[in-house]
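2 protein chains.
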Amino acid sequence: MGNADYTYPSKSNADNGAHRVAVPPPQPFLKSLKYNLKETFFPDDPLRQFKNQPASRKFILGLQYFLPILEWAPRYSFQFLKSDLIAGITIASLAIPQGISYAKLANLPPILGLYSSFIPPLVYAMMGSSKDLAVGTVAVASLLIASMLGNEVNANENPKLYLHLAFTATFFAGVFQASLGLLRLGFIVDFLSHAAIVGFMGGAATVVCLQQLKGILGLERFTHSTDIMSVMRSSKRKPKFFWISAMAPLTSVILGSLLVYLTHAERHGVQVIGELKKGLNPLSITDLVFVSPYLLTAIKTGIITGVIAMAEGIAVGRSFAMFKNYHIDGNKEMIAFGMMNIAGSCTSCYLTAGPFSRSAVNFNAGCKTAVSNIVMALAVMITLLFLTPLFHYTPLVVLSAIIMAAMLGLIDYEAAIHLFKVDKFDFIVCMGAYVGVVFGNIEIGLVIAVSISLLRLLFFVARPRTLALGNMPNSKIYRNMEHYPNANQVPGVLILEIDAPIYFANSSYLRERITRWIDEEEDRLKSSGECSLQYVILDMSAVGNIDTSGISMLDELKKIIDRRAIKLVLANPGAEVMKKLDKAKFIENLGQEWIHLTVGDAVAACNFMLHTCKPNAVKAESEQWNNIV
Amino acid sequence: MGNADYTYPSKSNADNGAHRVAVPPPQPFLKSLKYNLKETFFPDDPLRQFKNQPASRKFILGLQYFLPILEWAPRYSFQFLKSDLIAGITIASLAIPQGISYAKLANLPPILGLYSSFIPPLVYAMMGSSKDLAVGTVAVASLLIASMLGNEVNANENPKLYLHLAFTATFFAGVFQASLGLLRLGFIVDFLSHAAIVGFMGGAATVVCLQQLKGILGLERFTHSTDIMSVMRSSKRKPKFFWISAMAPLTSVILGSLLVYLTHAERHGVQVIGELKKGLNPLSITDLVFVSPYLLTAIKTGIITGVIAMAEGIAVGRSFAMFKNYHIDGNKEMIAFGMMNIAGSCTSCYLTAGPFSRSAVNFNAGCKTAVSNIVMALAVMITLLFLTPLFHYTPLVVLSAIIMAAMLGLIDYEAAIHLFKVDKFDFIVCMGAYVGVVFGNIEIGLVIAVSISLLRLLFFVARPRTLALGNMPNSKIYRNMEHYPNANQVPGVLILEIDAPIYFANSSYLRERITRWIDEEEDRLKSSGECSLQYVILDMSAVGNIDTSGISMLDELKKIIDRRAIKLVLANPGAEVMKKLDKAKFIENLGQEWIHLTVGDAVAACNFMLHTCKPNAVKAESEQWNNIV
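Protein chains in written order, with the UniProt record's numbering: chain A, 1 to 629; chain B, 1 to 629.
One or more of the hints may lead you astray.
Identical chains share a label here; the pair holds if one copy fits it or two copies do between them.
Claimed, not checked - Calculated pairs, DSBU-like style, for lysine-lysine (alpha carbon to alpha carbon, straight line, at most 35 Å):
id, residue 1, residue 2
1, Lys558, Lys31
2, Lys34, Lys559
3, Lys424, Lys31
4, Lys585, Lys332
5, Lys332, Lys34
6, Lys34, Lys424
7, Lys559, Lys421
8, Lys526, Lys332
9, Lys38, Lys559
10, Lys585, Lys558
11, Lys31, Lys526
12, Lys583, Lys567
13, Lys104, Lys82
14, Lys104, Lys300
Hints in this document: simulated from the structure, not taken from any laboratory.
With the hints as extra help, turn the sequences into a complete structure.
Below, the structure written as structure tokens:
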């Protein structure tokens with residue numbers, strides 16, 4: 001890294017045209033505000049199709065936005081019906097046993113599992129955008145409901161109130177989801193990173209398995225029960241084995257029921273489901289509880305379960321859409337989920353979502369549209385109207401086994417290992433969530449996961465990297481000398497790249513760190529007897545923005561540097577940064593001629609002035625200043 | 001921005017050496033962890049002076065670290081003493097009336113104001129690093145104490161308990177400050193941005209003024225009283241007027257007392273201070289309250305007042321150190337503040353800090369070292385021992401006037417205007433804090449200020465800018481086409497720069513946004529009949545880091561782009577990004593030959609392949625895919 005290899009570039013600027021760094025023309029505040037709002041809330045520009053359309057067409061497009069079924073139903077063909085029928089019956093065979101199992105997980109009457117696979121899928125088929133999502137209850141949400149409502153109300157002592165609170169929580173979950181979708185605040189779920197969800201789901205699955213084990217072994221239930229569900233990655237399941245896993249739950253139910261029926265095991269202590277009421281969903285709109293103190297619990301439960309269910313559902317929808325090459329509008333999906341849950345809360349259903357496992361089955365079974373959900377709903381309807389007596393003898397242990405089998409699929413240790421290999425911080429997030437859920441409860445796990453994730457973002461801004469750049473041989477390119485060991489230090493010039501915006505959170509740190517870079521460089525030059533430092537070039541390419549604290553920092557840095565008889569030079573400041581520096585009169589203060597378009601230009605300008613080497617003796621004078629008390 | 005001006009660069013890579021982008025060699029995790037910890041906690045490398053020193057010297061250096069007086073006292077000269085004497089007496093003349101006033105603001109016995117100007121400055125003189133800071137009570141903290149403790153305990157009904165709680169809060173403030181300093185967590189105060197503090201202080205000053213007005217006009221006190229203090233900027237006061245403002249409080253006290261004494265106004269309803277006990281600070285270590293429920297209030301009050309006082313004190317210290325060209329270690333200062341308050345809490349003092357106004361007076365009066373604080377403390381000691389009867393007749397209205405005069409100086413509307421001009425978001429932070437304090441209370445104002453500030457950081461990462469780059473004429477440089485209108489679009493190539501790290505918070509957004517860029521570009525090319533899009537180059541210069549969500553996003557983006565028969569190219573990925581992409585096998589997937597050191601190299605490589613223009617008809621085939629339901 002010695003400077004013997006450094007060749008001074010010629011002053012000629014012919015091949016870069018000596019472009020000047022300009023201050024961008026001022027933009028009216030409202031215009032840039034409008035732009036920022038659009039980027040935040042409408043990054044995918046969903047209203048693009050509405051442009052230049054007559055009013056009647058706009059009305060139809062609007063209706064189609066909220067009810068996508070109006071868009072694809074006219075193009076529905078018999079071919080699709082065949083595929084959707086098979087897929088629908090397949091997921092129904094999962095939905096029925098799983099629905100009953102998860103309802104018990106939520107300490108709710110098992111029939112609710114069937115109700116929840118009837119109305120919500122119908123609503124989703126009308127309003128949802130995914131062609132592959134299979135709607136139903138999810139283990140995580142069921143566990144969360146049991147846990148959070150269970151803190152307030154004991155399901156055994158007060159089952160009616162507990163039931164009504166579950167409906168109320170579902171209602172608020174729906175309202176929250178729909179609101180987020182309508183207000184286009186969907187990006188909030190982006191703050192739940194994949195790593196956090198892997199840990200979170202794995203932790204809940206662990207807890208559920210342990211809980212079910214206790215049930216299977218006849219031990220008392222856990223008092224804390226947190227339940228996490230689907231993994232967010234596209235699984236690469238072998239399609240042939242998938243039929244086995246798809247049929248397994250229903251088969252176990254049938255075999256188990258037969259066994260109990262034939263041996264009359266229920267009279268010998270084996271617990272069974274028992275009586276399941278016939279008939280469709282009763283209305284429950286009058287059951288919603290809006291009084292304190294329960295209202296707050298219901299709201300809290302609704303919001304947390306709503307967010308988690310939604311995050312999963314949207315990720316699942318997006319994964320399959322990516323795979324099949326169509327597009328999903330996340331905010332539109334949220335509205336669909338919200339309406340689904342609001343409708344469900346009024347028709348004796350509890351929280352539903354789009355679980356990954358069931359959607360994967362739907363996908364592998366060859367579904368073509370959301371009609372598969374309609375087929376499933378019809379199958380469940382038939383079950384509700386005629387087939388509920390069949391479940392009378394189903395042993396609970398079969399339900400536990402079904403739950404455990406689903407849960408084990410959720411402990412995604414492969415994803416965790418991948419995280420460990422690629423990005424250890426993400427692994428920490430994952431483990432933090434896991435540990436929080438297993439040893440604390442689900443809310444703690446969620447808080448830990450989100451906090452650690454956000455901390456990472458804050459940390460990136462608060463402690464940005466500063467890199468020393470060197471010249472790539474035979475070029476005007478300057479790169480990080482640690483990344484490219486063949487890059488050469490430029491004599492008399494220290495080139496630093498700052499890898500983050502300069503905000504209040506990192507201004508002090510940057511000032512200290514850059515000062516330290518300068519100190520260390522001066523020490524090095526002094527001890528090696530080379531030319532003293534004359535220029536410090538700050539490469540601002542990666543500085544996306546700057547605030548007033550950042551501008552103060554640059555001012556202070558300039559003062560510090562000036563005192564040491566060194567010149568500060570800026571290279572490649574972006575548009576936003578230039579605007580602010582101009583308004584703060586920093587450019588006047590520094591001098592326009594010391595702001596360059598590229599590091600190469602800056603170095604050339606410095607070298608032009610740098611023809612004699614300043615011996616280190618000249619510096620001694622400025623150092624005396626430091627000794628004055 | 002047409003492509004008629006674009007000249008294809010020649011394939012010759014002679015002047016950039018066709019450098020390859022390498023994956024940096026793997027670093028042991030512990031080594032990079034150690035590096036990161038050092039950057040976070042020791043950015044200024046304070047232990048540098050300890051290197052290569054014998055053990056005895058290390059011990060002395062260590063002692064000097066905690067007691068800087070041992071370092072500068074041996075070099076103290078008579079010259080300094082002269083300056084410090086004048087400065088010390090000047091600030092004493094402020095400290096005495098202000099101390100009494102602020103103590104009343106805190107609903108504490110006025111004598112505490114004098115106690116607090118005796119012991120704490122002595123501690124600071126031994127342990128502090130600033131030569132200009134003048135220690136004493138501050139209006140903000142006094143107001144905060146009145147507000148927060150007042151919620152728990154009424155100062156009029158239960159004055160003894162209130163007093164003891166104030167000591168306890170001061171104790172915890174000291175412990176918190178010292179801990180932060182010892183654990184080198186000082187960067188936490190960096191999260192209170194200058195803009196937030198301007199608004200915060202202005203709001204509190206407003207509230208105090210209104211409160212005092214009510215007192216002066218004889219109206220009832222506000223129940224909410226929040227008090228914010230010093231402005232964090234170096235004021236450019238005209239030194240000649242400063243003597244007037246420095247002498248004014250004491251003069252008013254003397255005149256007011258004389259007036260009341262001569263007219264016996266205190267018998268006619270004019271409230272006066274009354275009896276002030278003679279004698280030095282009594283010990284209060286036994287008065288500290290460590291029982292619930294008050295303990296929690298004391299801790300909370302202590303932490304909040306401690307943080308605010310500390311943030312101000314360090315900023316003030318730094319400003320003057322910058323000005324006079326010496327260095328302050330923020331963490332060391334925190335330890336000094338902490339010990340000052342712990343000692344104060346045991347000697348009947350309440351929270352002290354380094355207020356800007358008094359330090360500015362100290363500075364302008366020509367102080368040379370912290371001995372000015374010692375002189376002030378001695379002056380206060382003399383007052384405590386002999387002069388307290390002089391304050392018997394001081395009317396309270398004079399104290400109110402003193403407070404108001406100090407507060408008006410804190411409503412820094414000039415700073416607010418500057419914020420509005422330079423950075424409107426900072427202005428919003430400022431106003432948010434102001435409104436929160438004035439219309440809510442201080443805690444709300446603080447929470448609002450910090451939240452909005454942090455939101456800005458999160459928003460920067462969650463909604464990064466993506467810029468389209470064009471070629472600067474006659475060069476290989478590519479810059480933002482909005483910033484440089486003379487930059488030319490490259491035909492068949494879309495070059496995008498991403499201005500932030502690619503994390504979970506922005507992965508979805510970036511994928512949508514980049515897809516939209518591609519859609520819009522393809523629409524534009526189709527309608528103008530030009531060559532279709534064949535390459536998308538992502539300039540990763542400003543992408544400081546990437547996590548697993550980001551890598552998934554790049555994977556998905558590549559799939560989307562591949563389907564459209566477009567090639568994805570990366571330019572200038574940094575060391576961290578390359579490492580992660582390599583571990584995640586993305587580089588294998590993309591192809592090493594599609595990662596270039598500069599955008600220029602990438603464009604040259606694309607052009608080499610791009611010699612025939614692909615007509616838009618070829619694209620139709622890939623679009624049919626989108627119509628499949």
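Hint by hint, here is what the structure shows:
no. : hint            : verdict
1   : Lys558 - Lys31  : both (33 Å within a copy, 33 Å between copies)
2   : Lys34 - Lys559  : between (38 Å within a copy, 32 Å between copies)
3   : Lys424 - Lys31  : between (41 Å within a copy, 13 Å between copies)
4   : Lys585 - Lys332 : between (46 Å within a copy, 34 Å between copies)
5   : Lys332 - Lys34  : within (22 Å within a copy, 46 Å between copies)
6   : Lys34 - Lys424  : between (38 Å within a copy, 14 Å between copies)
7   : Lys559 - Lys421 : between (45 Å within a copy, 23 Å between copies)
8   : Lys526 - Lys332 : between (64 Å within a copy, 29 Å between copies)
9   : Lys38 - Lys559  : between (40 Å within a copy, 26 Å between copies)
10  : Lys585 - Lys558 : within (13 Å within a copy, 43 Å between copies)
11  : Lys31 - Lys526  : between (52 Å within a copy, 28 Å between copies)
12  : Lys583 - Lys567 : within (22 Å within a copy, 41 Å between copies)
13  : Lys104 - Lys82  : within (34 Å within a copy, 84 Å between copies)
14  : Lys104 - Lys300 : within (21 Å within a copy, 44 Å between copies)
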